[in-house]
Amino acid sequence: MGGRESDMVLLDANGIRCDGRRIDEPRRIMIKAGGLKNADGSAYIEFGDNKIIAGVFGPRDVHPKHMSDTDTGILRVRYHMEPFSVSERKNPAPSRREIEISKVIKEALAPAVMLEKFPRTAVDVFIEVIQADGGTRCAALSAASVALADAGIPMRDMVAACAAGKVADTVILDVNNEEDQAGQADMPVGYMPNLEKITLLQLDGVLSAEEYKKCVETGINGCKLVYELQKKALQEKYFQNGGQQN
Amino acid sequence: MTSSVLDDLKRTQILELLEQGKRTDGRAMDEPRKLVIDTSAVPKANGSAKVTLGDSVVVCGVKIQPDRPFPDMGDKGIFICTAELLPLSHPSVETGPPGPDVVELARVVDRGIRESHMVDLSQLVIEKNKSVVGVFADNVVVDYDGNLFDACAYAATSAIMTSHSPKWEMVNDVPTIVGDQDTPVPITTIPVSVTMAKIGNHILVDPNADEWACMDARITITTDSNQNICALQKGGTGGFTLDEVVKCGEISVRIGAKIREIIKQAASNGQ
Chain P
415 MGGRESDMVL LDANGIRCDG RRIDEPRRIM IKAGGLKNAD GSAYIEFGDN KIIAGVFGPR
475 DVHPKHMSDT DTGILRVRYH MEPFSVSERK NPAPSRREIE ISKVIKEALA PAVMLEKFPR
535 TAVDVFIEVI QADGGTRCAA LSAASVALAD AGIPMRDMVA ACAAGKVADT VILDVNNEED
595 QAGQADMPVG YMPNLEKITL LQLDGVLSAE EYKKCVETGI NGCKLVYELQ KKALQEKYFQ
655 NGGQQN
Chain G
2 MTSSVLDDLK RTQILELLEQ GKRTDGRAMD EPRKLVIDTS AVPKANGSAK VTLGDSVVVC
62 GVKIQPDRPF PDMGDKGIFI CTAELLPLSH PSVETGPPGP DVVELARVVD RGIRESHMVD
122 LSQLVIEKNK SVVGVFADNV VVDYDGNLFD ACAYAATSAI MTSHSPKWEM VNDVPTIVGD
182 QDTPVPITTI PVSVTMAKIG NHILVDPNAD EWACMDARIT ITTDSNQNIC ALQKGGTGGF
242 TLDEVVKCGE ISVRIGAKIR EIIKQAASNG Q
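First to last, the sequence lines map onto chains P and G. Every number in the numbering used here is 414 more than the matching position in the first sequence, counting from 1. Every number in the numbering used here is 1 more than the matching position in the second sequence, counting from 1.
Take the hints with a grain of salt, since some may be wrong.
Pairs of lysine-lysine, DSS-like flavour, derived with a Cα cap of 30 Å [unchecked claim]:
{"#": "1", "chain 1": "P", "residue 1": "LYS517", "chain 2": "P", "residue 2": "LYS531"}
{"#": "2", "chain 1": "G", "residue 1": "LYS35", "chain 2": "G", "residue 2": "LYS265"}
{"#": "3", "chain 1": "P", "residue 1": "LYS504", "chain 2": "G", "residue 2": "LYS131"}
{"#": "4", "chain 1": "G", "residue 1": "LYS11", "chain 2": "P", "residue 2": "LYS517"}
{"#": "5", "chain 1": "P", "residue 1": "LYS504", "chain 2": "P", "residue 2": "LYS446"}
{"#": "6", "chain 1": "P", "residue 1": "LYS627", "chain 2": "G", "residue 2": "LYS23"}
{"#": "7", "chain 1": "P", "residue 1": "LYS504", "chain 2": "G", "residue 2": "LYS265"}
{"#": "8", "chain 1": "P", "residue 1": "LYS504", "chain 2": "G", "residue 2": "LYS64"}
{"#": "9", "chain 1": "G", "residue 1": "LYS45", "chain 2": "G", "residue 2": "LYS35"}
{"#": "10", "chain 1": "G", "residue 1": "LYS11", "chain 2": "P", "residue 2": "LYS627"}
{"#": "11", "chain 1": "G", "residue 1": "LYS248", "chain 2": "P", "residue 2": "LYS638"}
{"#": "12", "chain 1": "G", "residue 1": "LYS11", "chain 2": "P", "residue 2": "LYS628"}
{"#": "13", "chain 1": "P", "residue 1": "LYS517", "chain 2": "G", "residue 2": "LYS248"}
{"#": "14", "chain 1": "G", "residue 1": "LYS77", "chain 2": "P", "residue 2": "LYS504"}
{"#": "15", "chain 1": "G", "residue 1": "LYS45", "chain 2": "G", "residue 2": "LYS131"}
{"#": "16", "chain 1": "P", "residue 1": "LYS451", "chain 2": "P", "residue 2": "LYS627"}
{"#": "17", "chain 1": "G", "residue 1": "LYS11", "chain 2": "P", "residue 2": "LYS479"}
{"#": "18", "chain 1": "P", "residue 1": "LYS627", "chain 2": "G", "residue 2": "LYS259"}
{"#": "19", "chain 1": "G", "residue 1": "LYS11", "chain 2": "P", "residue 2": "LYS531"}
{"#": "20", "chain 1": "G", "residue 1": "LYS248", "chain 2": "P", "residue 2": "LYS627"}
{"#": "21", "chain 1": "P", "residue 1": "LYS531", "chain 2": "P", "residue 2": "LYS627"}
{"#": "22", "chain 1": "G", "residue 1": "LYS259", "chain 2": "P", "residue 2": "LYS628"}
Output of the computed footprint for chain G on chain P, the stretches with three or more beta carbons under 8 Å from beta carbons of chain G [unchecked claim]:
{"#": "23", "region": "425-437"}
{"#": "24", "region": "446-457"}
{"#": "25", "region": "564-572"}
{"#": "26", "region": "624-631"}
It should be emphasised that the hints constitute simulated quantities derived from the structure, not laboratory data. Just so it is clear, CB atoms sit at the ideal spot from N, CA and C, and this is done for glycine as well.
Just chain P, with the same shape it has in the complex (with noise of 0.2 Å):
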């Protein structure tokens, strides 16, 4: 955690956070399936103050051919953040963050997508990230495989992604921008719902053994949350009179 020192309250005392929301409850979140004509698959997530874009293509020929796997597809993700979408300008090139989140998406996607059924070819999953708040890996994750699936691409489950945290000693769902900074701790947690797997994991912060498993409980509170959202979004696509298929 940044650890910074800071006159907001983070909690006060009705148990009410630094931007109205209880502890228990996620930000507003507002999932869009397609949108992009050129793409394979995409979708749009807004998280709060979080705005993403998700872009699939493939599966199709990898280049360069070396990184082609006769067994099986290859899965690519590029999360990149626009410079703008920071309060500072952020250098365009990517950064080792940027370079790491890539990689942990990618990871977090991997299980749910049957790369097997698509020997030689790749799936490559493009995230930009318009505007940041805070918890975008989730953000960005969860509007990934939304995108995914509305390329059509074989999949097990959904991946819904939430994180949980720690401000003023008290385990909290969906951490914000100010949260992240001068709260305790942040796990972003990514889940399977159906196949109940976890597939990202990370923590910065301190929490004891109780704090520990009750964050992860409530992360994956949180992605069954954002996993009804994702089946709406898809619904409101495909069976436009609210997921009734005629």
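Since the structure of chain P is provided, determine the placement of chain G on it from the hints.
Quick look at chain G alone, frame taken from chain P:
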């Protein structure tokens, strides 16, 4: 360390053995390999450690020097930990900019130490907003036998614990060494990471190179001296259940405590 046909064959054998509760090198599931720490490796550095974990060899050197503070952290010193795979450590390592695996390695090792608040950065200020002390712990991997996360973390932690630095004061707006007595780096806790591989439904502590090459997923959990969990990273293309994640947390506290004693012993020999 890309996977090969040989790794697939080894995976079959490793899984068969795991079903009988055995590992290829005869260790128990929660048994790390032999850890040897030499804290007199690089006398010209402010602190150093050569760590041998199984056949993985890592050298960490700590350099301490005045630096400008980060703009939003003018009242804190700087701590940076890096990790690099040397081309002589494995035939698959090439020179050039680090790939995602190495970037992740360096960031996870840095995060474990940083998030534990091991180095008391508030004591490393020369003049607020102007000049602070920077502690740089650079790991180089000399030989590869799996689980570099823990090897680098133990090397960096041991090296920091044995580090001594001069004292600086601002003289004519320039940080200047005063006195001739080096003092230890201010330490608040001893972070210890424990990396576990998941192969099939088995959780293995400190995977060796063969286990590393064929694992489904891995998890690295860092605990501090108070048995709190302070950093975690899941990796690999598999998933963990909630129960497994909780179990890994318990293992990391228990095994971490044992390794902390080895690090403490090595650090006290080096001082």
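For each hint, the structure was consulted:
no.	hint	in the structure
1	LYS517(P) - LYS531(P)	holds, 22 Å
2	LYS35(G) - LYS265(G)	holds, 16 Å
3	LYS504(P) - LYS131(G)	holds, 24 Å
4	LYS11(G) - LYS517(P)	holds, 25 Å
5	LYS504(P) - LYS446(P)	holds, 27 Å
6	LYS627(P) - LYS23(G)	holds, 29 Å
7	LYS504(P) - LYS265(G)	violated, 41 Å
8	LYS504(P) - LYS64(G)	holds, 29 Å
9	LYS45(G) - LYS35(G)	holds, 27 Å
10	LYS11(G) - LYS627(P)	violated, 34 Å
11	LYS248(G) - LYS638(P)	holds, 22 Å
12	LYS11(G) - LYS628(P)	violated, 37 Å
13	LYS517(P) - LYS248(G)	holds, 25 Å
14	LYS77(G) - LYS504(P)	holds, 23 Å
15	LYS45(G) - LYS131(G)	holds, 27 Å
16	LYS451(P) - LYS627(P)	violated, 43 Å
17	LYS11(G) - LYS479(P)	holds, 27 Å
18	LYS627(P) - LYS259(G)	holds, 22 Å
19	LYS11(G) - LYS531(P)	holds, 24 Å
20	LYS248(G) - LYS627(P)	holds, 10 Å
21	LYS531(P) - LYS627(P)	violated, 36 Å
22	LYS259(G) - LYS628(P)	holds, 26 Å
23	425-437	violated (count 0)
24	446-457	violated (count 0)
25	564-572	violated (count 0)
26	624-631	holds (count 4)
Going through the hint list in order, the structure does not satisfy hints 7, 10, 12, 16, 21, 23, 24 and 25.
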